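K.L.:
Chains as they are written, first to last, in my numbering: chain A, 1 to 324; chain B, 1 to 335; chain C, 1 to 321; chain D, 1 to 283.
What the hints contain is simulated information worked out from the structure, not anything from laboratory work. Please note that the accuracy of each hint is not assured.
[What the hints assert, rightly or not] Keeping only pairs whose Cα atoms sit at most 20 angstroms apart, straight-line, the calculated SDA-like set for lysine to any residue is:
#, chain 1, residue 1, chain 2, residue 2
1, C, Lys236, A, Lys263
2, B, Lys20, D, Ser118
3, A, Lys263, B, Val198
4, B, Lys11, B, Gly49
5, A, Lys263, B, Asp251
[What the hints assert, rightly or not] Partner residues are not named here, just some residues of chain D that face chain B (Cβ under 10 angstroms, in silico):
#, residue
6, Arg10
7, Met14
8, Phe44
9, Asp48
10, Arg173
11, Thr174
12, Lys177
13, Ile180
14, Lys192
Here the structure is a predicted model, which is why all the values come from computation and not from measurement. All C-beta atoms in this analysis are idealised placements derived from N, C-alpha and C, irrespective of residue type, glycine included.
Each chain, written out:
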Amino acid sequence: MKILEIQDLCVTYIAGEKRIKAVDHVSFAIDEGDSLGIVGESGSGKSTMAMAMLRLLDPRYTEITGAANYRGENLLTVDPRRLSELRWKDIAVVFQKSMNSLSPVHRIGEQFEDIYRVHEPKASKKEIRERVEKLFAMVNLAPRVYNLYPHELSGGMLQRTSIALSLLFHPKILIMDEATTALDVVTQGQILSEIKKLEKSIAVTRMMITHDLSVVATSCQKIIVLYAGQLMEFGYVRDVLANPRHPYTEGLVRSFPSLHGKKEELLSIPGSLPDLSNPPQGCIFAPRCPYATDQCRAHRPEPRHIDDLHVAACWRVKGGIQDA
Amino acid sequence: MPDAVKAPVIKAVGVKRYYKQRGGSLLSFGRKPRMIQAVDGVDFELYEGEIFGVIGESGCGKSTLGRLLIRLEEPSEGDIYFRGESSKALMKKDPKKFHRMVQAVFQNPFDTFTPNDTIGEIMMRPLRLHGIGKSDEERRAMCEKALEDGGLKPAADFLGRFPHELSGGQLQRISILRSMLLEPLFLVADEPVSMLDVSVRAEIIHMLQDLCASRRTAIMLISHDIAVVRYVSQRVAVMYLGRIVEMGDTDTIIQNPMHPYTQALISNCSSIDPDEDKQAIEIQGEPPSPINPGPGCYFANRCFKACEKCFKSYPPMRTMKDGRVVSCHFATGDE
Amino acid sequence: MKKYLLKRIVTAFGIVLFVILLNYVIIRLAPGDPVRIMAGFDNPSQELMDALTKKYGLDQPLYVQFWRYITTLFKGDMGDSYLYNQPVSSLIFERVGASLLLSGVSAVLAVLIGSTLGLYAGRHHGKALDRTFSGVAYMLNAMPSFWLGIMLILIFASTLKWLPTQGMVNIRKGYTGWAYVVDVLQHMVLPCATLVAVQIPTYFRITKSSVMQVMAEEFVTTFRVTGMSERKIFNKYVLKNALLPIVTVFGINLAYVISGSTLIEIVFSWPGVGVLMYRSISMRDYNLLMGVYLLISISVAFMMIVVDLIYAWLDPRIRYD
Amino acid sequence: MEKIKKVGVRLAGMVRSSMQLRMGLIFFALVLLVVIFAPSLAPFDPYDLGDDLLVPPGTNGHWLGTTNMGQDVLSMIIYGSRASLAIGIVSALISGVIGTLLGAFAGFYGGKVDKVVSEIINIFLMIPTFFLILIIVALFGSSMINVMLVIGLTSWPSNARMMRVQAMSIKERTFVKSAISMGETKRQVLFKYIIPNGLFPIIANTTMGVAKAILTEASLSFLGLGDPNVISWGQMIYEGKQYLATGWWMSTFAGLFIMLIVMIFYMIGDGLNFALNPKMKKI
């Protein structure tokens, strides 16, 4: 069952006379219980997309079109009161910079209490504390964290606190924006396995926004590859990473060294990201693509289905190649 | 041992680096400052044409070690010998000569150059400093050639640009090329690709490999990304809390780590292969503070194998049959 | 905590010592005979000069001289004022009250008004009211305070004759009781208004920029996505975070409470330390001048400790070691 | 050549990005013109004691009236701009140079040097500077040179503190590390990398410093501690105070012009800060 459906989402930043297309006609859907990795390099629009869905972008400097339907309600247009209700109870977020994601001059417990009371105004202190300590236990945090200030915790502990906070109301959708990026290998490994364990006990649909393919490979079922604000490929992680159909995905996978197995030659993708305020005509990846043809440079390919789920936006996808 | 006949290019002997914990003002009372042991006794050798990887988590002292090697900081104890010459003595006698021998590539390419100088000025500066080339024209030609060889064409165009007009990958390549203009014996690369997008990392890695192969420069690659280290380095050292806990042939160590910390580190790495069903070794907590970590093995309190002995004495470095060295009471070398 | 306090006191003590040293150096370096400067006027009698030479050991080596200077000061002896023919210390203490009253009241009013306006402007950045406030603050900040005082006198006292121009009380009327209080309050309006007006811009700017900075922090976004109301976010979280820099500035201003109003006291002939100082300058009564300066320095050093303590209490990130 | 052009383009970009900076610079240019052409702009000789005593604005060609001595107020204001500007700029420069050097030294070398310098900075920031200036000027005489020197020598700590922080953070930047590993000596690093890259906030602060110095000078003059041989705005307010009831124009106009010139420097300083702050630029 579809829990979230993004339809033709466009986000344009307006900076003076410049208009930067950060997210460009992206559509996809997530089923309940899915874990979806959204992968892209810097400038791919992956974080912007999440911010747009959460309605966190300043409307004075951004223009958003399209829809983000959560169980039949468009998050982009739903009225503010309903949005407040949905926030955190239905959709929660974990940000990358957990160091700054809580107020530095208030105790952690106090902030948890206030957030809990946003949706449960009558909850008692004791009740909240019990609930929070249970969550702390789930993410391997000691109960004493409740009485500490954020600066008294290490990066790993803060990230765990943020995860505990996001689970406060058992949200239906959990968005993790580079939530493990700043952490050390061991801590990242620990947190990823904790998340996977958690998901066995609570039903949650997870969106993992990251630049790290290996994080998606270890922790997600489905993957979206974004480049320059556009959707390049979407499908099961297993299919996409083992058998990438879009040249960009292929390049990304081949430039990623692996820890085990044969040392295959690493290849980089030549060139760099196009200027998003003045994107090239045709396929956005064409200037860097080894297979680009005149058709690619002239016309933008629509995402094409390879099977029921697997989609790639490339003219080379079977059935997509038209006679030139 | 690779090429035991040859003398090592670099030999580090008992290198330590302590920091005083932030001191008070002039008016503060005479309380003893506590010492933080960033690097706590490190020995290793590096040979010509070798890439040597150093891995570990943040705070393990790998970056401090890098800074010690290029003399951004002085070791509190111990010394590093370059072709048998003491770096301490050399820095006193002829610091220019030292800097020609030892060069560095840093993590953040966007910050490696002064923002107000053109690439031309930036690249010609070291040549001028070391009196290489007779005239500015000659130096300019040298820089142009280096850029062309490094795949940055047209070179003349790049020389006139400012750093902020270039991409991270281009800047990092220029950083490497500039270092190589001095033809150093040894290059420290501290996380050279971690700030770059994945799709351009390979070109930097290849550049380092090519330089190592063609000019026989010894390279130390410091990285938290074990996969990258595996890909480029022949030998690797694993650091934990200022000490090397395991060191040897890269493939041997990654496939069959012997120190419990190395085992945990490698098993926790995410892999790009979704089918890989790995069994991560769970270790508790985070590294203890590097202030007086105690008499026993520094890893003991998190170690899944730890026994009484581990808390009492720090395990010595032992050489195993396959040539690697491990510092763990459980690695006796008899296995 | 105790250690921290002790350390701060030692620092403050060091500063006072430094000020004394500075005073001493200035006296020694100033053109003319230091004995004359210490006597307080230009043509002291031979006996007075001899007495001073003996008192401060001016015929002894320098370090002895300095030591004598310090010990005399620490006995509370700042010398005599020739102008008033009284010990400097008692002269100052007679007048501290009036200064404290004027500057204390204005400091509190300024912080209240300035930061309230700043809070509003920071929250409604770019709106018409913010722009008006900012413009006015800009102008107030650029005005010489004494000139503003003069202008207020010109308008409200000389022209409109609403308020008295000079002093703290109407001596001729000799009010007592409630009438006295009202009289003082009337005299206070203009000097107080001037002081408040020139201090507002500082608070306004600090508060506004601090609010804007805090509003851009990541944690505000966190609270927003939890569905918390903007009002709650602002009133509880933004406010406390934005408060810290205001406290610092307020503390520093409070530290200068005795001295801050000198120029204004002179404009309005308010019988405080400032006027004392002005007279000491114009009549070259150096002992008095030095005494006032020393007192101000001590009060500043002391208040700085208090500010640090309050700050450490408000901000959990600051530890006392 | 190309470099100069590009730096020029960047400076122009800064000026364009901030309206305040632009306005401030235009007004500053106007003030400079007044200062340079004071003799031809002033309708009267400001030192000339005329026959019109304390006449209101508009009388006998005295646009802004005359003083009790019969001097033309407008001419005095035009000439007074010289003193204000000279004192403001010279003392801010002294404080900027000392502050930059000491701060950069302390921040870059660290250790004992830093401890001593930062302790001095702390002490200076904790003593009431205005009174120190006042005492020194009272004891040492109130010539213009003295006033400039004293203001300059007592106001450097805020610049030094800023530069110290700059130096400490720039020292950790990669380009400094890379310069050291290239073989640059410490002195070269300090003067070629640390100071040029950390200077902009100090320039902005020094601009504000000009404004503060002008205010300080006015306050000193108001206390009767101005240079008696020089016409200054502060002195005009001081002298006009006695004639408030009969000749309001003496104090009023001088004060207005102080306010104006101070605002110009605030605008430049604020504008520079704005143009330099990347965070602000985004908004």
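K.L.:
Does each hint hold? Answer for all of them.
P.N.:
Checked hints:
1. C:Lys236 <-> A:Lys263: Violated, at about 55 angstroms.
2. B:Lys20 <-> D:Ser118: Between Lys20 of chain B and Ser118 of chain D the Cα gap is close to 19 angstroms, so the pair holds against 20 angstroms.
3. A:Lys263 <-> B:Val198: With Cα atoms ~17 angstroms apart, Lys263 of chain A and Val198 of chain B stay inside 20 angstroms; holds.
4. B:Lys11 <-> B:Gly49: The given pair, whose Cα atoms are some 15 angstroms apart, holds under the 20 angstroms limit.
5. A:Lys263 <-> B:Asp251: holds (10 angstroms)
6. Arg10: OK, holds: Arg10 of chain D within 10 angstroms of chain B, min 9 angstroms.
7. Met14: violated (13 angstroms)
8. Phe44: violated (49 angstroms)
9. Asp48: Status violated, d = 52 angstroms.
10. Arg173: Where the cut-off is 10 angstroms and the nearest Cβ of chain B is about 5 angstroms from Arg173 of chain D, the hint holds.
11. Thr174: Hint on Thr174 of chain D: holds, closest Cβ of chain B at ~4 angstroms, below 10 angstroms.
12. Lys177: holds (6 angstroms)
13. Ile180: OK, holds: Ile180 of chain D within 10 angstroms of chain B, min 6 angstroms.
14. Lys192: Since chain B brings a Cβ to about 8 angstroms from Lys192 of chain D, closer than 10 angstroms, the hint holds.
The earlier numbered hints that this structure contradicts are 1, 7, 8, 9.
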